[in-house]
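Q: Numbering (our numbering), first residue to last: 35 to 214.
One or more hints might be untrue.
[Unchecked claim] Computed beta-carbon distance windows for the label pairs:
(1) K119 with R66: 35 to 45 Å
(2) R184 with L83: 23 to 33 Å
(3) Q158 with N77: 36 to 46 Å
(4) R184 with S206: 20 to 30 Å
(5) G69 with K119: 15 to 25 Å
(6) N52 with D154: 23 to 33 Å
(7) D214 with E188: 32 to 42 Å
(8) V36 with G69: 14 to 24 Å
(9) D117 with P197: 22 to 32 Å
(10) Y95 with W38: 21 to 31 Å
(11) D214 with K35: 23 to 33 Å
To be clear, the hints were calculated from the coordinates, so they are not data collected in a lab. Here the structure is a predicted model, which means the values were calculated and not measured. We put the CB at the ideal spot given by N, CA and C, even for glycine.
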Amino acid sequence: KVFWRNKSKRMPHNLYTNMEVIRQEQERRGYRLEGNIPRIPFNKEDKDLVGYDANHILLRYNKNNTTEYIYDQELKLYLRKKDGKNHIDELDNTQLYAKNIIVQKVNTRIIDKEGRLDIDLIGQGEGLYFTNGKGILIKWVKESRQDKTRYYTEDGQELQLNPGVSWIQMVSPSVDIAVD
35 KVFWRNKSKR MPHNLYTNME VIRQEQERRG YRLEGNIPRI PFNKEDKDLV GYDANHILLR
95 YNKNNTTEYI YDQELKLYLR KKDGKNHIDE LDNTQLYAKN IIVQKVNTRI IDKEGRLDID
155 LIGQGEGLYF TNGKGILIKW VKESRQDKTR YYTEDGQELQ LNPGVSWIQM VSPSVDIAVD
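All chains should be built: construct the whole structure from the sequences, respecting the hints.
A: This is the structure in structure tokens:
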């Protein structure tokens, strides 16, 4: 089995896999194990943004579903919270964190009674980028299913992330985003 469910959690947030099992399945199916995948560009060294203050980021999907990022100035990282509680990694019991956060606004539609979403990932749209306690507006573009998503600053330059853990948070335009 490539995927399995943890029955102690609610669907759809209980589906798991691991890279070893995925690689075995790739080999079994005769898929390539290596490729030339274009990646988001990263700065060689940490750079501060010239942007607005972003020490607390709140994404409110609805009254019972929120994601927060709290900036820790000493660590120079955002600590992640889910529904008001520290978001803890199940494998090692550590707080989840990010150096970079991209909030990508995408159109979504519920496609079945289970609540699964169809997400428009081809095209272009708006977003936000956060790092080092600052934020800026960005644009995203993905021209085809095979193309990578590219992120651009307001002046048209391709976005370069700081070295470190990066989260891309895709949200519907209806999601309430509060930043302070």
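Q: What are the numbers of the hints that this structure violates, sorted from low to high?
A: Per hint list: 2, 3, 5, 7, 11 violated.
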